[in-house]
Amino acid sequence: MDVVLSIFTYTALFLSLYFQLFLLLTYFGWRKPGMEDRPGYRSDADLPSVSIIVPCYNEERTVKKTILSLLALDYPREKLNVIVVDDGSKDSTWQVVQEFADNPSVMLLQKKNEGSKFAALNFGLTYANTDIVGCLDADSSVDKMALRYSVSWFSRSDVYGVVPSMVIDSPKSIMQYMQKVEYELSTYLRQALHRMESIYVTPGPLTLFRKEVFDKLGPYREAHHTEDLEIALRMHVAGMRIAQSKESLVYTHGPRTWPQLLKQRVRWTYGFLKNVQDYRKQIFSGELGDLSVFILPIGFISVIVSVISLPVLLVNLYSSIHKEAVQIAVSGIHLHVPMLDLFTVPSQAYALLGFVSLAILFMTLIIGRRVILKKPIFSFDLLTLFIYPFFSGWWSVKSLYNAILSKKEVWASNQK
Amino acid sequence: MEHHHPNPKRKVEWIKYIVTFLVTAGLFVSAFYVSRVIAEKRVAEIRSIQDSISLDLLSSETQFSLLNDSDCSQDGTSILAPELGQMGDRLSGMETDLGLDNPDVIQLKKYYSLLEIKDYMLAREYAKNCNVKPVTVIYFYKNDCDDCTKQGYALTALREKYPTLRVYSFDADLNLSAIATLQTITKVSGKVPTLVIGTHAYTGFQSIDDIEKIPEIKKLKDKMIKDEASAKAKSDSSEKTVSEETHQ
Numbered sequence: 006m007d008v009v010l011s012i013f014t015y016t017a018l019f020l021s022l023y024f025q026l027f028l029l030l031t032y033f034g035w036r037k038p039g040m041e042d043r044p045g046y047r048s049d050a051d052l053p054s055v056s057i058i059v060p061c062y063n064e065e066r067t068v069k070k071t072i073l074s075l076l077a078l079d080y081p082r083e084k085l086n087v088i089v090v091d092d093g094s095k096d097s098t099w100q101v102v103q104e105f106a107d108n109p110s111v112m113l114l115q116k117k118n119e120g121s122k123f124a125a126l127n128f129g130l131t132y133a134n135t136d137i138v139g140c141l142d143a144d145s146s147v148d149k150m151a152l153r154y155s156v157s158w159f160s161r162s163d164v165y166g167v168v169p170s171m172v173i174d175s176p177k178s179i180m181q182y183m184q185k186v187e188y189e190l191s192t193y194l195r196q197a198l199h200r201m202e203s204i205y206v207t208p209g210p211l212t213l214f215r216k217e218v219f220d221k222l223g224p225y226r227e228a229h230h231t232e233d234l235e236i237a238l239r240m241h242v243a244g245m246r247i248a249q250s251k252e253s254l255v256y257t258h259g260p261r262t263w264p265q266l267l268k269q270r271v272r273w274t275y276g277f278l279k280n281v282q283d284y285r286k287q288i289f290s291g292e293l294g295d296l297s298v299f300i301l302p303i304g305f306i307s308v309i310v311s312v313i314s315l316p317v318l319l320v321n322l323y324s325s326i327h328k329e330a331v332q333i334a335v336s337g338i339h340l341h342v343p344m345l346d347l348f349t350v351p352s353q354a355y356a357l358l359g360f361v362s363l364a365i366l367f368m369t370l371i372i373g374r375r376v377i378l379k380k381p382i383f384s385f386d387l388l389t390l391f392i393y394p395f396f397s398g399w400w401s402v403k404s405l406y407n408a409i410l411s412k413k414e415v416w417a418s419n420q421k
Numbered sequence: 004m005e006h007h008h009p010n011p012k013r014k015v016e017w018i019k020y021i022v023t024f025l026v027t028a029g030l031f032v033s034a035f036y037v038s039r040v041i042a043e044k045r046v047a048e049i050r051s052i053q054d055s056i057s058l059d060l061l062s063s064e065t066q067f068s069l070l071n072d073s074d075c076s077q078d079g080t081s082i083l084a085p086e087l088g089q090m091g092d093r094l095s096g097m098e099t100d101l102g103l104d105n106p107d108v109i110q111l112k113k114y115y116s117l118l119e120i121k122d123y124m125l126a127r128e129y130a131k132n133c134n135v136k137p138v139t140v141i142y143f144y145k146n147d148c149d150d151c152t153k154q155g156y157a158l159t160a161l162r163e164k165y166p167t168l169r170v171y172s173f174d175a176d177l178n179l180s181a182i183a184t185l186q187t188i189t190k191v192s193g194k195v196p197t198l199v200i201g202t203h204a205y206t207g208f209q210s211i212d213d214i215e216k217i218p219e220i221k222k223l224k225d226k227m228i229k230d231e232a233s234a235k236a237k238s239d240s241s242e243k244t245v246s247e248e249t250h251q
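In the order they appear, the protein sequences are chains A and B. Heads up, the first sequence is in our numbering, so the first residue is 6 and it goes up one at a time. Heads up, the second sequence is in our numbering, so the first residue is 4 and it goes up one at a time.
Derived from the structure by calculation, the hints contain no laboratory data. All C-beta atoms, glycine included, are put in the ideal place defined by N, C-alpha and C. A few of these clues could be false.
Cβ pair distances, simulated, as ranges [to be verified]:
(1) B:K14 to A:W263: 37 to 45 angstroms
(2) A:I333 to B:S55: 30 to 38 angstroms
(3) A:R47 to B:V37: 51 to 59 angstroms
(4) B:D212 to A:I12: 27 to 35 angstroms
(5) A:V350 to B:S55: 17 to 25 angstroms
Here are the simulated DSS-like cross-link-like pairs (lysine-lysine), alpha carbons at most 25 angstroms apart as the crow flies [said to hold, decoys possible]:
(6) A:K149 to A:K380
(7) B:K194 to B:K113
(8) B:K113 to B:K14
(9) B:K153 to A:K328
(10) B:K14 to A:K286
(11) A:K328 to B:K164
So here's chain A without its partners, still in its complex pose (with noise of 0.2 angstroms):
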């Protein structure tokens, strides 16, 4: 068993060691050639018209803010359309916008719930008639120069989507500040992969993509309930790039309770697993680059490692703590002042390989932190990089149940 232990244990170092130093080489400097810049729009006469559709199901208390932030965008009005779509809304959003009924930037929608995000973005793109469409989830709000910032890519032509860097918007729960820092480290792996062409989702804050994505791709599709990761590997096929605008901030409020967040994690997690085995014959054929032979893979990999550390994990966990109440029962409190010398400090190598991985892990926040974000680097909810193995873990076993049960179902379908 010690064996079986220890040959994971350096594996999963190995692999999120690799992980991370390729992403830290693509980072400082080994990237694709002209991922880099951006020529921008000589005026504002030539910026593109952009339509923003907001699709909002039970969003009476949010909705308001999310339309006040995109109307004060600095952009020109006469090209900016506010596409709201109340997906037949229980509550009274339907009666909170009606405040916008007047405003000609603002087109109100109503339609009957159909149990998917998917289908209210479709039914906003047939009303949006511009050179660009996006989305804004009506929990989230956009910094002033977003827009402007996310729409100077475009003026690349190979450019079809871009992303914006996404931020949590005042957390309250512990919860909450744990996805605080995992979106401020996703920022730098997006602009990471961003440099290796390989940014494969297209999150419902503020991504933007050329009117024509839609027409020569389709609409959304179901896609397992996360139809912005279907629509990213789609583009990918058709050989059409996405671009992270790091510039571009848009704040979102991240699930406030665990059961809500695993509830999300859990679709996420398993859209990620059943759109990547729809699309396996285009990823395993290599066709999408880095994406085909590394980060989809990892991605894949990682479900798995974090699965099988879960258990690894809580045994560590409680034998620490029973350690400990033996020892306290046994002789009291005992205050251990640690000393640093040759025989404290840790010697075994999957130690100095952990140290290791953190230290890059605290870079990687740096970069998030201060160079892409401009904020301090030292905060006290930095901490919840502690717990967040465990519930990670516990969303991926999750998951991957689901997502073996359901393989199963359609094999016994296809039978028929």
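Starting from the structure of chain A, add chain B where the hints point.
Frame of chain A, contents of chain B only:
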């Protein structure tokens, strides 16, 4: 507006993957190397401490034989190697780091056990000649026993509480005839944990309270309480004098 055709099939830069692999592999090799160097340094450090303890013991022994009697003016505890306790802690740290089967660890443990026995004998001889009674605990344990872990915590706490208490720990699984002989002399069965205090053997886990009820340890405790009380009285009276002086 005419866009150029979407990208054709993308190329993978394999050289980047190979370079990353080499860097990662390099980190792995370095980590294993550093880990090994630290372990070797620790073994060397323990070995050198053991050598110096051994030298100390030999020197005391020689002194005893030369005088045919020991120098009773010395404090009984200081002639014995005080580093032994610390050594034991370091060795058990090595056990968790390098593993119980590591040949270096086993060899160091054997050497350490022999030094403990010599130290114990020397203490006994000193006690006989100088008519003092140092309190010693001989402790037999095994590594894979939960009660022994608990017993270890209790003894560590006792050693901190009573600095004059000498605890000699022996791994009963260590294949060393001297330990077997010691077990025979002290009339101890193979069961662990077992404590030998004075002439009695106590088998099974003994809590701190249990141990403090054993006559030899109780005496030590009473003496400590008495010493503390007199020290307190002394400091109280001096404080009193000081305060009286200030009052005047």
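Of all the hints given earlier, name the ones this structure violates by number, lowest first. Hint check: 4, 8 fail, others pass.
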